[in-house]
Each structure stands twice: as C-alpha cells, then as structure tokens.
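S.K.: The lines below spell out each chain.
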Amino acid sequence: MTDINLANNLWVVICALLIFSMPVSVGLLEIGELGKRYSRSLLKTLLIIGCALFVMAIIGFNIAFAPTTGGLIGNPLYGPGLFLGGFSSNATGMLNGVWWSTGPSYFATDLSTGTYFLFEAASAAVTLALVGVVVLRKMKLEAFLAYSVVYFVVIWTLPAAWIWNPTGWLYQMGVRDFAGGLLVHAAAGAAGLAIVYRIWREEKRKGLKASTVVPVDVNPTWLALAMILLWVGWFGFNPGSVLAMNSSATTVVLTTFLSGATCLLSVAFFRRVVLKGSPDLLYASNGILMGLIVITPMAGFVSPAGAIVIGVIAGPLYLAAERWFLKQRWFTDPVSLFPAHFVGGVFGLMMIAFFTQSAFAGASGNSNLPSGLLFGGGTAALNQLGLEALATVVVLAAVFAMTYVALEVIARAMGGITTDYEKEQID
Amino acid sequence: MTDINLANNLWVVICALLIFSMPVSVGLLEIGELGKRYSRSLLKTLLIIGCALFVMAIIGFNIAFAPTTGGLIGNPLYGPGLFLGGFSSNATGMLNGVWWSTGPSYFATDLSTGTYFLFEAASAAVTLALVGVVVLRKMKLEAFLAYSVVYFVVIWTLPAAWIWNPTGWLYQMGVRDFAGGLLVHAAAGAAGLAIVYRIWREEKRKGLKASTVVPVDVNPTWLALAMILLWVGWFGFNPGSVLAMNSSATTVVLTTFLSGATCLLSVAFFRRVVLKGSPDLLYASNGILMGLIVITPMAGFVSPAGAIVIGVIAGPLYLAAERWFLKQRWFTDPVSLFPAHFVGGVFGLMMIAFFTQSAFAGASGNSNLPSGLLFGGGTAALNQLGLEALATVVVLAAVFAMTYVALEVIARAMGGITTDYEKEQID
Amino acid sequence: MTDINLANNLWVVICALLIFSMPVSVGLLEIGELGKRYSRSLLKTLLIIGCALFVMAIIGFNIAFAPTTGGLIGNPLYGPGLFLGGFSSNATGMLNGVWWSTGPSYFATDLSTGTYFLFEAASAAVTLALVGVVVLRKMKLEAFLAYSVVYFVVIWTLPAAWIWNPTGWLYQMGVRDFAGGLLVHAAAGAAGLAIVYRIWREEKRKGLKASTVVPVDVNPTWLALAMILLWVGWFGFNPGSVLAMNSSATTVVLTTFLSGATCLLSVAFFRRVVLKGSPDLLYASNGILMGLIVITPMAGFVSPAGAIVIGVIAGPLYLAAERWFLKQRWFTDPVSLFPAHFVGGVFGLMMIAFFTQSAFAGASGNSNLPSGLLFGGGTAALNQLGLEALATVVVLAAVFAMTYVALEVIARAMGGITTDYEKEQID
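Protein chains in written order, with our numbering: chain W, 1 to 427; chain L, 1001 to 1427; chain E, 2001 to 2427.
So that you can see chain W by itself, here it is in the shape it has in the complex (with noise of 0.2 Å):
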C-alpha cells in the first residue's frame, strides 16, 4: 500500500501538530502581554486555523506546492488536484506512492500528501496569526476574515512557491531560507505593516494626531504558558523543516533551542546591566522569541556554536529596534510585530551569507549552499548575500502590495477596515 518513508512521516507529521498549536499560543500571547481585554484575539486565531486548512485544502496547498508556471505560480489542477485529490483514492501521496515535490527528483523525504499538507497549512496559519497581532481591537472581524481567504490563496502561497516549491523562480536562483525567517517572520510583518498603514488612514480621517496607543498589561500565567508552548511549537518549525529524521534534524534541536536560550540571557543582561532596566517575564519573553526567530532562517545551515553566537548578537538588536519601533507614533504594536519578527526575521536572512557552513547545509538537504563569510564563504557568501537581499526585497514588497489592494477592496465593501472598540458590545 504504502511507499512512504515512515521515520521521516513521523518526524514531520509530529512537528506539524506542535505547529499547528502555535496560532492558538499566538492568540494566548496577546492575551498575556495586553490582558483579557483582548480575548476576541482567540476567536480570531481559531478562524485563523478553520480558513488556513479548507482554503489551502481547496487550492492554496496547490498554489504554492505543485510544479510552477514559470517558477511564479504552481498548478492549482496538479496531481491530487483541488481539495488534495477530491473523492479519488489514487492521489499522488495519498495511499500510493509519495507526493510530488518531495519525491525522489527533488527533497527525496518521501512524504505522505497529509504529513506534508499539515506542516505546510500549519505554517501559514501560524504566519497569519502572526500578522494578526497589530489588527488588536482596531480592525473589524469580519474585514479581517475576508483578508484571511485572500492570504491563503495567494498572499502566503506565491512566496512560498517562489522559495519553497524546488521549480519556483527564486528557489532555482538559489535563495534559501531554512524554516521561514523571510517567508514567515519578515513577510508576517510586511503585511502588518500595510494593515497598520490602512488602519492609520482610517484613523487620521477620523482626526487622530497618533495611531491609538494599546497599553501593554502582562498577565504572567497566560504570557508564561504561550512563551513554552511557542518555544515547543518551535521544535516543530525548525527541526521539523529537514522534513526528514536524520542527524540533521537533531542539529537543529540544538541550534534552535541554543539560540533561543542564548537569546533570553543576552535579553536579560544587557537590559540590566546596559539599560539598567528590570529583566521581568515580558522581556524574557520577547528575548526568547528573537532568538528563535532570528536562527530561524538558518537553523539548518549552521553550528551549535553559530547558534550560540547568534543569540548573543540577536539580543541588543531586539532591545534597539524596540526603542526604533516605539517611537513611531502613526501605528501601534504592543506584541513587538516589527522589533521581533520583521527586523529578526530580515537580519536571521542576511546572517545566513555569514554563518552558514556547508557541511551543515548538506546535512539538512541544501547542498547548493555556500559557506558564509565568516568561514570562508568568499565571493560566493557575497553572492548569497545579494540573493537573499533580492528574495527579501521581492517577497516583502509583494506582500505589502498585495496585502494593501486586499485591504483596500475589503474597505470598500464594507465601508472601511476599522471600527470602533470603545462602543462595541462584543468581547
């Protein structure tokens, strides 16, 4: 019956579970770092889950995953076809044989199309729970659940299908990135950026001078329960992304959690000593969460060492960018949207020309790889270094641009984005 590498479907289908937990934990996030006030975050991020698995089932999965027209767009009709493989028992990856783009002419994991579905699904409900942090009490539910559709069916695939699919234009190019620091953090942030350029809109027609503030109100319990269910949703992201079981994955355990780690004491200290601020829950919180974030991009290309080091650098630039980001007054972001996943996501990218050693690339199937230049990556590093600079230009401008047409023919459907949380009734 079957063809499918069993090792690797657990592996892989396991850290898709831890994944797809991870919106919820987002949701919890929100509620630890700016109070129940903000419960209606939950309903969100649940309908967040509903709209990634039938929208990607129906054709997102699809449009970033089957063979590409010219590297920008995969076949929505390919193989399994609409509603992965409909009625019919002979889908590719289904009972027989494994699905096409991880077979053996391209990553060779011989996945199951339902192992290989939940982890690519769960990823893009996770990156939009993350966009969805700055919409607060702000933006209309329904405005946002409209935006939802149109992001699973092209916003989070046609990246993806550029850089995760092996046809897509800037996979062949040789843009890597490993678990998602362009194509989940820094994107999640681009389109947060366009959500709060339209919010800001909306509010200066009102006659607000500055976007309205949200305060940040910690509750220890929840913020402590989303940061470890987030950093083991993590073990899923990551190491998950081998998308085999192999020394490679276990490496990235390492890398992965050592950052993190190494992340929260860099966080802490130079909060202390430096800003002479109080290490508390909130910013070991978010020093885990750059941590993670910025080693996410890399996580497969490098050393334990490496990991190290990252965390280390990773710290002061959260607590600078922080300080950047709050003084902008025209937007709002209270779960740190900007500072954490857009700088982190961006920086973890570019540090891949840096930090990347081959024979850790090789290992988690990125042979192609160059070194970085610290180990002696050379030109080649330069080269790498453009190419991610291009993928990051192109993927966040898309993002930005296709997010804000989005949002633009949603408001004139319904009359605006924003609504008024002050006089609503519903939590």
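Think of the hints as simulated: they come from the structure by calculation, not from any bench.
Treat the numbers as computed from the prediction; the structure is a model and nothing was measured.
Ideal placement from N, C-alpha and C gives every residue a C-beta, glycine not left out.
It is possible that part of the hints are untrue.
Simulated pairs of lysine-lysine, DSS-like, Cα-Cα distance not exceeding 27 Å [said to hold, decoys possible]: (1) W:36 x E:2036; (2) E:2036 x L:1036; (3) E:2209 x L:1140.
Here are a few chain L residues that sit away from chain E, every Cβ distance over 12 Å (derived from the structure) [claimed, not checked]: (4) 1016; (5) 1111; (6) 1113; (7) 1117; (8) 1201; (9) 1275; (10) 1320; (11) 1328; (12) 1332; (13) 1358; (14) 1362; (15) 1374; (16) 1385; (17) 1389; (18) 1394.
Computed beta-carbon distance windows for the label pairs [stated by the list, open to error]: (19) W:413 x L:1277: 17 to 25 Å; (20) W:330 x E:2206: 48 to 56 Å; (21) E:2280 x L:1412: 20 to 28 Å; (22) E:2217 x W:37: 20 to 28 Å; (23) W:142 x L:1413: 50 to 58 Å; (24) E:2166 x L:1217: 42 to 50 Å; (25) E:2075 x W:382: 34 to 42 Å; (26) E:2035 x W:212: 32 to 40 Å.
Mind docking chains L and E on chain W? Use the hints.
M.R.: Chains L and E in isolation, oriented as in the chain W frame:
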C-alpha cells in the same frame, strides 16, 4: 528481546499520550463554558484518569480486548491476566512478542501491551469525562466515583468487546466504528441521558418543575486552551486508531482536521447568515467539536473531499440539534453533550454507509467494509446501514440500561445521587 | 551522513521535548498551589531553562557525560568539546557517528548529540525548577540566578557523572537510578534543604522565631493544567530514560502511569477513610506526583503489578511525611518539595532492592542489576540496598555541601540572599 513493530508503537504510544491528556481538557472545557464556579470538575477528571488506569489494568482491559466468550465478554484471566500480566515478565506483549488482539492473526500491527493499554485506557477515560459534563454540581462526587468503577469494569468495556475486539459478535457481523462515533461519543450520550434522567427523578421529588438550569458563562482563555488541547488530542484519537504508522494514518490526519475546520466555518456561516447570530468563541468551539465528532466513526474510511462535505453538513445539523435540545426542560446540558456527542456520533456512524470509499477503508485495515451509497455501494451499503443501526440500538440501550441500574444501586446505598450544590462547602 | 538509530532518536528527542516543558509546568504548579501572587516564579523558571541550555552546552554536558577522570568528573574538553562541538561539523554525534556515552561500547542506543543533549539539559533544568519551589518570594532572583550557573556547572553534573555516566565511580560499583529518584528528586530536596537553612539563618538574624509561613491558596485551573502537563512530561522522563524505542520503553509507560494513578487513589482513600479529610484537588495532585516520583528510580526495573503495589504504599507514606514536615517551624515548604520529592525519591531508590525483577531491568539495559528481595534476590539484593544507601548519602551530602558553600559565597557578594518580599515592587 523484542518483536514489536517500532514505527507502529512509536505512532500509537504518542497518540495514546495525546488522548491521555484529553480528560483534563474536557474539565477545562467545562470551566471555559461555565466559569470557574465549576472548577470541581477538574478533581473529577483527575479521578477519572486514576480510576481508568487502575481499573482497566486490573480487569477492564481484558474484558474488552482479550478473546471473548461467544463474542460477548473478554476473558478477564487471559494471557497477561489480571494486573496486565501481574509480576510475570513473560506476559504476551510485555517484553516478548506482541499483544494478542493486534497480533499476526488479527490486525497484525504488532503493538506492545504498554502501547495498546495506554491507548485504550485513555480512550475509556475520555469517554467517561464526556459523560461527566452533565454531572455539573448536581451529583455527589462519591456517587460518580462509584459509578466510574462500574463503568470501567463493564459499561465501557462490554460494547468495546462487541465492536473493537476482533472476536466480538458485532465486529464479526461486520459492524465498524473507526475511532468511536458510537463507542465513545454516542455511548457517552446514552450514559449521560441515564444520569440526567436519574437526576431529574430526584429533582422532581424535591418539587422542581424543571431541572435547575446552569447558565453558560464563557471564560475565553480557558475555552480556547481547552479547544486546542482537544483538537491536538483528536490527532491521537483518529489518526492513532489506524493502530499503525502508514500512509493511511497520515490520510486520517487530513480527514479529521478538514472536517473540524470545515464544520467550524459552517457553524459560523449558518449562525451568521441564516440565524443572524454572532459567530462567537462558544459557537466556533462547538463547531470544531461537532466536525471532529462526526468524522470520528469514519475518519479512516473516507476521502479528504468526503470529509469536507461531511464537515459542511455537520454545521447546520449541530445548530438544529442544539435548538431542539434547548427546548427540553427536564434536564440541563450546558456543555452540549447531547447535540454534539450524541447526535454527532450517531449521525457519523450512519454516514459510514454513505461516504465510505473502500480503498480508504482497506488502507486503514478494514478491507471488508463496502463502499457507501454515494460511491456505488448499492445493497452492500444498505446492508451496512442496517448493521450500523443495529449496533447503535444495541449499544445505546445497553449503556443506558447498565448506567441506570448502577445509579439505582448507588442511589440506594448513598441516599440519592444528587446533592444541593448551593449549600455545599466544597468547590 | 548518518549512523544514528532513527527509532531511538525519534523516541528520545520527543521525550526530551516533553521534559523541556516541565520547568514552566513546575512554575505553574507553584501558582496553582500558592496563587497568582507567586507569578514571579514563571520568570524564574524561564531563566532556569535559558541557563540550563546555555551553561550545559558550554561546559556542563561534558562534565556530566564525557569520559571521566577517575570516575569523578567528565572531561570538559572531550570530543565535541566546549560549546557542543563548537563550529566543528565533524564532532562525534553531530552529523557523523554517535555520541560516545551511548555508543556501541556502552549503552549502544546510537543517540545523536542533539537528542541526548536536549534530554539531559532538560532533566537538569527541571531538577533546578524543583529546587526552586522553596525560593518563594524570599530569595533574591539575582542570587538564585548566580546559584543556577554554579548548579549547572557542578552541582547537577558531578552526581550525574558518578551514576549516569557509564564511567562514573558509583555506576561502576553497581549503583542504578533509573530516571532520577536520587539524581533528580532527592537531590532537589538536598539542595532545597540547604537553601531553606540559609534562608532561616538570615530570617533568625532578623529576629524571626519561625520562618515566614506561605499559605496554600489553590487556583484550581492552573493546578490541574500543571498536573496534566507534568504527568505528560513524566512520559518523557521515565519511558524516555530507556534511551531507546523497544518493548521495555512501552512497559515503562505502564509502570509509570500505573504508579501515578494508584497513588492518586491511595492518597484520596487514606485521606478520606483514615484521616476523615476531603480528597480535594490539592491532595489528588500531590498523590499523582508522589506516585510518579516513587516509581522514577525503578520504572524500568519492575513489573506493572509491582508498580501498582508501590503506588498503594506511596499514598500513606506521603500523608505521613507531609504531616511530619508541617511540624517543622524553621522552614516553609508549601509546594511539598520535602515530603514528595525528597522522601519519595529516597524511598523509591531503596525499593529498587525490593521490587526489581531482573528480566525487566535487563530489558531496559540494566542487565547487571539483581532481582530484589521480594523476587528472590537474596544477598545480591541486600548488597544492592547497601549500594543505593551509599549513593544516597554521598550524593545528598555532596549536593547539600556544594549548595551551601555556593550560597555562602553569593550571600557575601550580594549582602545576603534573602529579600523582604513584602516591600518589593516587582511581582
């Protein structure tokens, strides 16, 4: 030392662990829907877990899964015997060989006793946790605990021996219930019905005209946490029920998750567009649960597209059932045991005869199951429908009767099973 | 690329992840038992995790698990060397070959460094989290953090080198401690004792006649959540300690879960019937914990029936120990470090010499361990009892002494380790 199948054991024991966490998640669901006043439910669910493991180990596991006498009851002294093999290190399935009911002559999945016991004992525990949502603050904890012992000796185990034990009389006739639409969800409903009927008899004697109503009082954070824990737990329930790691197991991930996601959207849509209500967190949660319940008895028999269709149908079914049950005045069911688990479980079981595709059923180890009416099953499918209906009547009647008799005995011994929760000192 | 055993690595790395979540669960346990006033415990547990991963990666892991000098201390520069192999991609157990202490010449389970490191670093973290439950709001966070660094360099690692490292002097003598009855639970008690003694010295100097009492203030939802997370985490702790996926690993699932379940019922029964108390959530939780603790040092050595007997005995033992410790006035232990972890850990270790069945011990990789006195072990069992007693005295004395000296140094540097929590501004 070992003859067990490592991939199958890895898969099923991890799924078993996920199911093991579900009773407490049901306790948190009660609090998420009814408020912290119901926190004694948490003690109840911990005691259920303790009882399930202890009683099933001593005798219940063999009554359900050892070779049966006449297809009716497993031999309590078989093989490993009482206490899961007692002090013997040669017990089948312990360190040597495989546990009989999954051995070469039956399902051939080569699970060890440790794996299979945890899987089934956890399933039994979560079934009683579902029953327990009607207990509220109305029933004495001691009475429920006494009932629990009876439950794990005969009430859960006998129907399991009939349908899940390959020597059971209903299994031999051809009845199939993939992961427990009947044996878990509908059976929980039947037991719950006997409990609310017995409570009503005592309430009537106290002069009440209608059962004391417990208002819904949503606690968003605990409700959302319970939901994600239950959804993750269902990954254990359904995909784990293949009892093996293969491509069918990963396909069941698809059918299960797509039905849950689709029904969430279906409930939200119908509630908003048809009923003009608000798609709030409570309905989103119940939508997910309904989708997961309905797919449970057939998750291994249907295609992904079949699961999506099922999820769409389940939405309005839940809304209609909820409305109907709300009109009844002689019982109180604020956590939706009847409209979700009872109705959804029975409906899902019947749908086996409509949506089954034999290729999927065969892959999950049920090669004798004919395709459903929608897939050319014809008279074989009609015959299957009759079998499932017969099993439903037999199991629900048996569970209701055994529960009612047990409660009658307990009530006589303890002077009634109800208690005046308003005067209680204990939380 | 790889020589690792996939099934064993899959099993152990997933178990490691479960253990990794436990320190925060211990933090939630503190809040579940003491109320939200103690939410600073959550910052403490996150810092413990960060320190554990960072310090163990730099030096602690090698001190515990690299080949020892004279059986006393691992070579900090061995093999992968500092920083888990630093920037080397040829480090043993990283991408090539297997980590030494589990290699062919020793346990032969072929774990990679990533897998084994996460397993042991997480175990170290949870041990310190247990120590930390006596810190309450009495000890300066900085002082505890300084102690944490010392802890992961020598206090946790040296005893581990003696007993869990196959070249350690106590291991070579024949001492066995399956998953840490001594090295985790009792050792946490010894370190906690040194901390409360040091706190008491400072409290006495302030003129107190008895240590400031912290009342129990149960928060049911967080307590129940912490309990289920800890129980699930224990699945990592005990079954994972086989360090392999085989039938013994699944048998350890049985022994562990049956002891926890039985002790829950035992505590509830003795408290209700003998002490005429209420079997409330707090006692249910402590019953589960006691059962899990007591079985920890011997989970891989005993039969399921043995585990049930142990669980029954552990119940009254806990109730008696709790009563005894409550009478002491010079320290405060509201989360039961001493009656549960200290007493339960030592008791469980001694019971190795009574309940071990050599067939089970051999299957879990401990073929030199003789059967216990109850299973015909005779003089070999008596000898084992002596060995375990020796190890207990040596390890507890060493942990107490190292902790006390470390605190003395820290107290001098920081002007005492205690703080007046009533006047604190920080939560």
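S.K.: Evaluate each hint against the coordinates.
M.R.: Against the structure, the hints come out as follows:
1. W:36 x E:2036: With a Cα-Cα distance of about 15 Å, the restraint between residue 36 of chain W and residue 2036 of chain E holds, given a limit of 27 Å.
2. E:2036 x L:1036: The hint holds at about 15 Å.
3. E:2209 x L:1140: 44 Å, violated
4. 1016: Answer for residue 1016 of chain L: violated, closest chain E Cβ roughly 8 Å.
5. 1111: The assertion about residue 1111 of chain L is violated, with a minimum of 8 Å to chain E.
6. 1113: The claim breaks: residue 1113 of chain L does not keep its Cβ more than 12 Å from every Cβ of chain E (closest is about 7 Å).
7. 1117: 6 Å, violated
8. 1201: Consistent with the label, residue 1201 of chain L stays out of reach of chain E, its closest Cβ about 28 Å off (over 12 Å).
9. 1275: Non-interface label stands for residue 1275 of chain L: nearest chain E Cβ at 31 Å, farther than 12 Å.
10. 1320: Its Cβ never comes within 12 Å of chain E, the nearest being 33 Å, so this holds.
11. 1328: Residue 1328 of chain L is indeed farther than 12 Å from all Cβ atoms of chain E, at 30 Å.
12. 1332: At roughly 22 Å from the nearest Cβ of chain E, residue 1332 of chain L sits farther out than 12 Å, so the non-interface label holds.
13. 1358: At roughly 32 Å from the nearest Cβ of chain E, residue 1358 of chain L sits farther out than 12 Å, so the non-interface label holds.
14. 1362: 27 Å, holds
15. 1374: Its Cβ never comes within 12 Å of chain E, the nearest being 39 Å, so this holds.
16. 1385: 38 Å, holds
17. 1389: Per Cβ check, residue 1389 of chain L is outside 12 Å of chain E; nearest 37 Å; holds.
18. 1394: Non-interface label stands for residue 1394 of chain L: nearest chain E Cβ at 31 Å, farther than 12 Å.
19. W:413 x L:1277: 17 to 25 Å: 22 Å, holds
20. W:330 x E:2206: 48 to 56 Å: 53 Å, holds
21. E:2280 x L:1412: 20 to 28 Å: 27 Å, holds
22. E:2217 x W:37: 20 to 28 Å: Given a distance of about 25 Å, which is inside 20 to 28 Å, the answer is holds.
23. W:142 x L:1413: 50 to 58 Å: 56 Å, holds
24. E:2166 x L:1217: 42 to 50 Å: For residue 2166 of chain E and residue 1217 of chain L the Cβ distance comes to about 57 Å; the hint is violated.
25. E:2075 x W:382: 34 to 42 Å: 40 Å, holds
26. E:2035 x W:212: 32 to 40 Å: About 34 Å separates the Cβ atoms of residue 2035 of chain E and residue 212 of chain W, which means 32 to 40 Å holds.
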